[in-house]
Amino acid sequence: MRRYLTPFLFLSPATLLILLFFFTPVVATILLSFTDLSTTTFQNPSWVGLKNYQDLLADPFLKKIFLNTAKYVALTLAFNVGMGLLLALLTSLVPERYGDPFRALWLLPRILPPVVYVFIWQGLLAEAPMGLVSDLLGVSKNWLVAAPWTAVILANGFVGASFGMLIFTSAIRAIPRELFYAAAVDGATTWQTVRKVVLPLLAWPILFVTAYQTLSLLTSFEYILLLTDGGPGFYTTEVWSLRAYHLALSNYFGNVEFGLGAAMAAVLVVIGVVVSLFYLKIFNFKALVSEPKIEVY
Amino acid sequence: MPLLPKNWPLWLLVLVLITLPIGVGLLWLFLTALFDQVHGLRPVGDFSPENWRFFTEGSVGGRPSIWVALKNSILFAAAVATLEVLIASMAAYAISRMKFPFRTPYLGMILVLHAFPAVSLLIAIYYILRVLGLFDTLIGVILVKASLELPLGIWLMKGFFDQLSWDMEMAALVDGASRWTVFWKVALPLVRPGILALGTFALLSAWGEFILPFTFIVSGKSWTLALYMQSFMREAFVDYGLMAAVGLFYAAPVLLLFLLGQRYLLNIYSGGVKG
Amino acid sequence: MKRGIPVRLEGLSKRFGRVEAVKRLDLEIGAGELVAFLGPSGCGKTTTLLMIAGIYRPTTGAVYFGDRRVDPLHPRDRDVGMVFQSYALYPHLTLFENIAFPLRLKKVPDAEVRARVQKTADLLGIGHILERKPAQVSGGQQQRAALARALVKEPQVLLLDEPLSNLDAQIRLSARAEIRRLQQELGVTAILVTHDQAEALAMADRVAVFSMGELQQYDTPEVLYHRPKNTFVAGFVGSPPMNLIEGTFTGDGFRSGELRIPIPGAPTGKGWLGVRPEHLALGEGGHPARVLVVEPLGREVLVVAEVAGVRLQVLLPEDRRPEPGGQVGVVFPERATLHFFDETGRRIGPE
Chain A
9 MRRYLTPFLF
19 LSPATLLILL
29 FFFTPVVATI
39 LLSFTDLSTT
49 TFQNPSWVGL
59 KNYQDLLADP
69 FLKKIFLNTA
79 KYVALTLAFN
89 VGMGLLLALL
99 TSLVPERYGD
109 PFRALWLLPR
119 ILPPVVYVFI
129 WQGLLAEAPM
139 GLVSDLLGVS
149 KNWLVAAPWT
159 AVILANGFVG
169 ASFGMLIFTS
179 AIRAIPRELF
189 YAAAVDGATT
199 WQTVRKVVLP
209 LLAWPILFVT
219 AYQTLSLLTS
229 FEYILLLTDG
239 GPGFYTTEVW
249 SLRAYHLALS
259 NYFGNVEFGL
269 GAAMAAVLVV
279 IGVVVSLFYL
289 KIFNFKALVS
299 EPKIEVY
Chain B
509 MPLLPKNWPL
519 WLLVLVLITL
529 PIGVGLLWLF
539 LTALFDQVHG
549 LRPVGDFSPE
559 NWRFFTEGSV
569 GGRPSIWVAL
579 KNSILFAAAV
589 ATLEVLIASM
599 AAYAISRMKF
609 PFRTPYLGMI
619 LVLHAFPAVS
629 LLIAIYYILR
639 VLGLFDTLIG
649 VILVKASLEL
659 PLGIWLMKGF
669 FDQLSWDMEM
679 AALVDGASRW
689 TVFWKVALPL
699 VRPGILALGT
709 FALLSAWGEF
719 ILPFTFIVSG
729 KSWTLALYMQ
739 SFMREAFVDY
749 GLMAAVGLFY
759 AAPVLLLFLL
769 GQRYLLNIYS
779 GGVKG
Chain C
3 MKRGIPVRLE
13 GLSKRFGRVE
23 AVKRLDLEIG
33 AGELVAFLGP
43 SGCGKTTTLL
53 MIAGIYRPTT
63 GAVYFGDRRV
73 DPLHPRDRDV
83 GMVFQSYALY
93 PHLTLFENIA
103 FPLRLKKVPD
113 AEVRARVQKT
123 ADLLGIGHIL
133 ERKPAQVSGG
143 QQQRAALARA
153 LVKEPQVLLL
163 DEPLSNLDAQ
173 IRLSARAEIR
183 RLQQELGVTA
193 ILVTHDQAEA
203 LAMADRVAVF
213 SMGELQQYDT
223 PEVLYHRPKN
233 TFVAGFVGSP
243 PMNLIEGTFT
253 GDGFRSGELR
263 IPIPGAPTGK
273 GWLGVRPEHL
283 ALGEGGHPAR
293 VLVVEPLGRE
303 VLVVAEVAGV
313 RLQVLLPEDR
323 RPEPGGQVGV
333 VFPERATLHF
343 FDETGRRIGP
353 E
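From first to last, the protein sequence lines stand for chains A, B and C. For the first sequence, the positions run 9 to 305 when my numbering is used. For the second sequence, the positions run 509 to 783 when my numbering is used. For the third sequence, the positions run 3 to 353 when my numbering is used.
Read the hints as simulated data drawn from the structure, not as lab findings. Any given hint might turn out to be false.
[Unchecked claim] Sample of chain B residues facing chain C (criterion: CB under 7 Å; computed from the structure):
| hint | residue |
| --- | --- |
| 1 | G548 |
| 2 | M676 |
| 3 | D683 |
| 4 | G684 |
Don't be surprised by glycine CBs; every beta carbon is placed ideally from N, CA and C.
Chain A with its partners taken away, still in its complex shape:
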């Protein structure tokens, strides 16, 4: 086994960190969800079995949060995929020298620090005289309070659209030019070319982006936390992952209910594990592994 010392050494830092911050947390989330760990019992938690899950089901707000989550995921996803597709098509329909700068511009929301990005939204949506939206509509309101869902979905959507845009753009570029020439020779209009040639070939990328973003939207809450923190008012935009975070880690609601939060997170973790294992299955994994050609270390 000494001959495997070298690969072992190369892999050990990564393996250690992955064990520490992926594997242990997955197990810990499940384990913690069976305890009554909270601010008051931090020193001395005890096992409570499925109590957290029972509490969860008995929570009168569970339905509200569940519906919020569905709404958030479905609408944001629709915006992300739709806008991503629209951007990929539009930037492909104009000359390259215009297309690329626009694609780059759409990367900005994603690479700007989220705190700054959200602050801009807050500013634009503020009351008159500061807020641009109030100014344009001539109605002075804090639109973040008046239309929180629109704000949440647009803010997330402007960040998420670039993912689909880039993937769809690569897919469009991979289409053989001959197909476009053939369509042109056959007398197809631009719209017909897009509908009959481009869109059918984008079916797989669209499915991939949808599947991928569903999982990441289900668990992400960073922008909602910054934008509305689940408000305004009572749980208006509180989604599942944010609720878990609030229960377990937020200091605003007084007592921190770690075990209950862990139970909510555990649901997401299990979904995450199952879905990502499923990705591995549909991926052509074997094709990605080839045998090394060197047998010494």
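Following the hints, complete the assembly by docking chains B and C onto the known chain A.
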């Protein structure tokens, strides 16, 4: 597309319209940071140095100095990027170029973790950091951030190592190198595009990182710029001018990189970096 | 520079999963000899070379350099130099640093590195372009740099994996002579892997012919040409390849369908008759044949003719060129230039 439609200026116009919010948002940030007041997008009053008082005032409203936060942010981003690139490269090199038992399952695990949404683990990680005594330390957050992005990094770097020529590596071994030497002297210099891509991605991602420091850091002395800026958002009275100035200062490196290297950024993010 | 040492392979075999790439190979190479490993792709010749270099571990068997058993050793402890088909120069380093690489790894003092690199590079005629990167020089110069890198540490064994196959045809001929000259001057033991039989015959003291992981014959080029051990070697060595006719030996001749060739003292039984195209002639009193194809090769012309249902390749001087479609007579040579093989392809004569 290979054939441009005749009416492409029309499509360009549509593109301009739907992209307008991004441009307007940035413009708003600039104007608000520079002027006393901005109504909509109309500056009212003069250039306002008042907005930039955080530079000279040691502490704004009891906060730590912005220089402390800046130092922490630089430290955080640099450390995360360095760790991530180094550790991911080592692991990716082994996976791509060496034979060892369970190599395929290991790669499968990396792929699964790459798709796995790591934010769902924050609650448990909080607990683990407490147990390790790393809660409320910059080191703790650095380790967490670097670790959570490792699967992506390993996957990305593996792709680059896969393309290296086997002949060259064999030549280096015959020339007298160990695998360790090959890694440092031959393989790493040749995957420089990958290191740059992953490094840029890691720097940008760590520079903007909010949720991890927000969750795992309490003390002002360990605040990053993200926490510094967010602390203003929690206040009842919002000083837009001051916040816009802080925001502009905080986002400046990102905007600069964007202006200088759009095409490069596009390439990196098109390379399958997770969104 | 020091002299090369003998290399000995004992029962060497290599298995990749279920595929046996090299099967129980025994081979000895004398000190200072240049031996070519010749065979089609996938015959195990490169695998054998990589086992000698230390990149692959043999599944069974041993490799000796002189009296020293080297197969458990790391490549760096074997004292070999190697040139790859792709040259495998480090693109991020200058030619100087490429050639210096093995010395730098040995922590040779800088002044000595400079001297040795310059000397080796001058020997190969690339001393004036050492500051360039590999991408900035020609293919021939890259090949020389790769050779310089292999030679700079004065190895006891030099391994050459298809070093000439990426070169243009013209440079290839001069590079052959050049490598041979250097190898003899330095006295280094060299192994050349190639699929080009002309290259192997021109350069090597001895040639090992491989097929399907097995050593077919290991002899001097003359013996390979004149006395191939089996039909594989007979067909692989020589260009255009030897005509191999399946039929029956009758003691006083050979019969294949309608074709009958009298050969005094022929063996008996089913087998193959081999005859090289250059040993066949056209002329009066030969076997009546029809010319199918006439292919001018410059100084010579290759004729494909059909004799009693058997297709034969005949190599003729340019001035003896027949008309396609015409009737000719094919004359078989005397017994000494014929080759007899039994049913399994093994050589059975003439002695």
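A quick look at each hint next to the structure:
1. G548: This hint is violated: G548 of chain B lies away from chain C, its Cβ roughly 54 Å from the closest one there, beyond 7 Å.
2. M676: At about 4 Å, which falls below the 7 Å cut-off, the nearest Cβ of chain C leaves the hint on M676 of chain B intact, so it holds.
3. D683: holds, 4 Å
4. G684: holds, 4 Å
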